[in-house]
Amino acid sequence: MAPEQMAEGPDPGATLPPPRPLDSIDQDILQMLQSDGRASIRSVAERVHVSRANAYARINRLVEDGVIRGFGARVDHERAGHGTSAYITLKIVQNTWRTVREQLRVLPGASHIALVGGDFDVLLLVHTPDNRALRELVLTRLQAIPEVLSTRTLLVFEEEDLEPQG
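Reading the sequence shown from the start, the letters are residues 1 to 166 in the UniProt record's numbering.
For the record, the hints were derived by calculation from the structure and aren't laboratory data. Hints are supplied without guarantee of correctness; some may be wrong.
The following label-pair restraints were derived from C-beta to C-beta distances [claimed, not checked]:
#, residue 1, residue 2, range
1, Thr140, Asp76, 43 to 53 Å
2, Ser150, Arg20, 39 to 49 Å
3, Arg105, Asp161, 17 to 27 Å
4, Leu154, Val75, 35 to 45 Å
Ideal placement from N, C-alpha and C gives every residue a C-beta, glycine not left out.
All chains, please: the whole structure from these sequences, using the hints.
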């Protein structure tokens, strides 16, 4: 979807309205946009059998409600010059998640951050140009965060983004 066509998502710090139930048309729209985020309003409307105005209003509502967080491209990281990927587990000082999350968000190559339960506290996915850049990220940047108690790096040998199920 072109940015000028759609409402912008809510501000990251904004309080979202309570979630509204999604009907089968909303679910079909979500599935279609997950498969092709560049689909036109016309093609969405035709595929889910509603008017263009209805499709436009539904997509805007999904964006405004925070169901759709944005539109983007699926990237082949290796072809984009980031041939090394790793999951990094972190143990952090208790009750420092928000502080740590803000520092992780700005790391070069960070693409996914999750607070998890289990043997570690945070799971971080990074994509770097090579092993040297990964080592620098872990040893210099991550371990310099005072709230990070320990890290473990899991090198990714091969990865694949899964397509939405049809």
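Exercise for the section: Given the hint of 17 to 27 Å, check if Arg105 and Asp161 actually sit that far apart at their C-beta atoms. Expected result: holds (21 Å)
Practice task
Note whether the CB distance of Ser150 and Arg20 lies within 39 to 49 Å or breaks it.
Solution key: holds (42 Å)
Practice task
Given the range 35 to 45 Å, decide if the beta-carbon distance of Leu154 to Val75 lies inside it.
Solution key: Violated - the Cβ-Cβ distance for Leu154 and Val75, about 20 Å, lies outside 35 to 45 Å.
Exercise for the section: Take the C-beta atom of Thr140 and the C-beta atom of Asp76, compute their distance, and say whether it sits inside 43 to 53 Å. Expected result: violated (27 Å)
The structure fails to meet hints 1 and 4 from the earlier list, while all remaining hints are met.
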